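Given the structure of chain G, go ahead and fit chain P onto it with the hints provided.
What follows is the residue order along each chain.
Number of protein chains: 2
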Amino acid sequence: MSILVVGSVALDSIRTPFGEVEDILGGSATYFSVAASFFGDVRLVAVVGEDFPAQHVDFLASRKVDLRGLKRVPGKTFRWKGHYDYDLNEAHTLETQLNVFQDFDPDIPEEYRDSEFVFLANIDPGLQLRVLEQVRSPRLVICDTMNLWIETRRPQLLETISRVDYLLLNDSEARQLAEEPNLIGAGRKLLGMGPQRVIIKKGEHGVIMLGKDVFFSLPAYPLETVFDPTGAGDTFGGGLLGSLSRYPEMSEDDIRRSIVYGSVIASFNVESFSCDRLRDLTTGEIEERYREFTAITCF
Amino acid sequence: MSILVVGSVALDSIRTPFGEVEDILGGSATYFSVAASFFGDVRLVAVVGEDFPAQHVDFLASRKVDLRGLKRVPGKTFRWKGHYDYDLNEAHTLETQLNVFQDFDPDIPEEYRDSEFVFLANIDPGLQLRVLEQVRSPRLVICDTMNLWIETRRPQLLETISRVDYLLLNDSEARQLAEEPNLIGAGRKLLGMGPQRVIIKKGEHGVIMLGKDVFFSLPAYPLETVFDPTGAGDTFGGGLLGSLSRYPEMSEDDIRRSIVYGSVIASFNVESFSCDRLRDLTTGEIEERYREFTAITCF
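Chain order of the listed sequences is G and P. For the first sequence, the working numbering assigns the number 1 to the initial residue and increments by one for each residue that follows. For the second sequence, the working numbering assigns the number 1 to the initial residue and increments by one for each residue that follows.
These are computed hints drawn from the structure, not numbers from a lab. Here the structure is a predicted model, which means the values were calculated and not measured. Among the hints, erroneous ones may be present.
Note that identical chains are pooled: a pair holds if it fits in a single copy or bridges any two copies.
Calculated lysine to any residue pairs in the SDA-like style (CA-CA distance at most 20 Å, straight line) [said to hold, decoys possible]:
(1) Lys189 - Tyr86
(2) Lys81 - Gln97
(3) Lys189 - Leu223
(4) Lys64 - Leu127
(5) Lys212 - Phe299
(6) Lys212 - Leu223
(7) Lys212 - Arg289
(8) Lys71 - Ile150
(9) Lys81 - Leu158
(10) Lys76 - Lys212
(11) Lys81 - Gln176
(12) Lys64 - Arg291
(13) Lys71 - Asp107
(14) Lys212 - Cys298
(15) Lys64 - Gln176
(16) Lys71 - Pro155
(17) Lys81 - Gly185
(18) Lys81 - Gly19
Bound-form chain G, shown alone (with noise of 0.2 Å):
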């Protein structure tokens, strides 16, 4: 089943309390890519500058990535610089540097247009309806976003969330979009806003989906130590729908197990800086990790 991904492949600059590096992988594409690269096939639409190390081509072209559609222009590749303190929940920015990206215009290439699944990651809502509008008959369309697009795009948001399967966004920010503090409030506004399904990050509280009727509420996996957080929603996403991909019927039972496989892959993410942790980590430790999930919430 073929994974579509439209967003940035970026080189961050972090330092939490356990630790600084600087100029390494990060991005929303990539995140998602190597995430949902332990599922299915994954067809990546980014942007990257002259100065993007050959190594990071390679490693996601090792994760069997299709490349296709990752551009090679002149100029640097985006770059954010941030930090978290104790909580790290929140990331402060010191830096964005757009650089290429700030002429970015996904053009999905003829070959990637059929494909079935398709995760807008987090780029301004203009850019992801010009995504909607060349793949051509998707069985199923994420979209994530931020607090940026929400508070300078917001017509063009809520037209993107009319199109979409499910919306994916972090609980302030879906206090934000929808205007109502509850959140279970907020979540059930933006469901009125059109997609099927609200999916409600929480950080170290885990998630929630709202759909018509249902509702579905995962912990987090417990950690002691979250390295660096950088990352978890979009590798969340990755496995979101990399296992959704697997289902064809994509039953109630499946979404959530999809969850589940989401929030294993993010509880591995965040146990190092980039996606580090990704790089060597199993189908065994994947499935390991999601019956201790089974263990740890059932009753």
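Relative to the frame of chain G, chain P by itself:
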């Protein structure tokens, strides 16, 4: 099975975004007793003043709460005045009048000293120790606490904790007592202080339970409106210990089921001021919400 609770019986004045009330029935031992009374026989030890309305005594008696340990003494009843803003996780105290509670010295009636289950509600840990000296051989003791005692009575609190079976507290208290920002790490440190189990209440995010080699996480019941969170923790404790008192073995499954029952009762309690929602609550409603907890968490 006999359940002993020692704590406060109070008159609360509360303002929430949904309304404002004055001198309503409150107090940790009140909330606990009413909640536990759905599952077992409760014995109450507390003190009130001459102004304590007879109707409240009648209500507790109607719940079959044994009131031989409720002392009425000259003076005014303990009063708490507070408000909640839209973040209903945080209570803002406006005024605390200890009144007759100032000189509360829990004298456990002889006929209560054989109690099998003991709940040390949130009172001075020195008084909690005094209770432990008087009960003979309880099967299970749970103690609750709060930031005030963590800050002002740490040695006595540590002594109490080392002598109880389960420690119950909220997330910020757990971090403060353990001096550890990561909640899972904090829970492990608290386990090291002596109790078999540490149960951490996270408000709208549910509850986690840690034991030696076991971990359980339960999300909160999804409420669109939390009318008044006062008493949520104590009704949780009442449902938990009440339910546990029904299981002779107190197996891991029994403990988990009891945590769900605690969450069920607490979720009803926050739907109204005081314990008003519990006045006409039926066992059918409790069982129905228990099944809903299963439906929203299973995968």
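Okay, the hints, checked on the actual structure:
1. Lys189 - Tyr86: Close across copies (18 Å), not inside one copy (32 Å); limit 20 Å.
2. Lys81 - Gln97: within (9 Å within a copy, 51 Å between copies)
3. Lys189 - Leu223: between (32 Å within a copy, 14 Å between copies)
4. Lys64 - Leu127: The answer is neither: 26 Å in one copy and 65 Å across copies each exceed 20 Å.
5. Lys212 - Phe299: between (25 Å within a copy, 18 Å between copies)
6. Lys212 - Leu223: between (32 Å within a copy, 16 Å between copies)
7. Lys212 - Arg289: between (29 Å within a copy, 19 Å between copies)
8. Lys71 - Ile150: neither (28 Å within a copy, 57 Å between copies)
9. Lys81 - Leu158: neither (29 Å within a copy, 43 Å between copies)
10. Lys76 - Lys212: The answer is neither: 45 Å in one copy and 51 Å across copies each exceed 20 Å.
11. Lys81 - Gln176: neither (24 Å within a copy, 31 Å between copies)
12. Lys64 - Arg291: So lysine 64 and arginine 291 fail the 20 Å test inside a copy (27 Å) and across (43 Å) alike.
13. Lys71 - Asp107: within (10 Å within a copy, 78 Å between copies)
14. Lys212 - Cys298: between (24 Å within a copy, 17 Å between copies)
15. Lys64 - Gln176: Intra 37 Å, inter 46 Å, cutoff 20 Å: neither.
16. Lys71 - Pro155: So lysine 71 and proline 155 fail the 20 Å test inside a copy (29 Å) and across (63 Å) alike.
17. Lys81 - Gly185: Cα proximity of lysine 81 and glycine 185: none, with 34 Å in one copy and 28 Å across.
18. Lys81 - Gly19: within (14 Å within a copy, 45 Å between copies)
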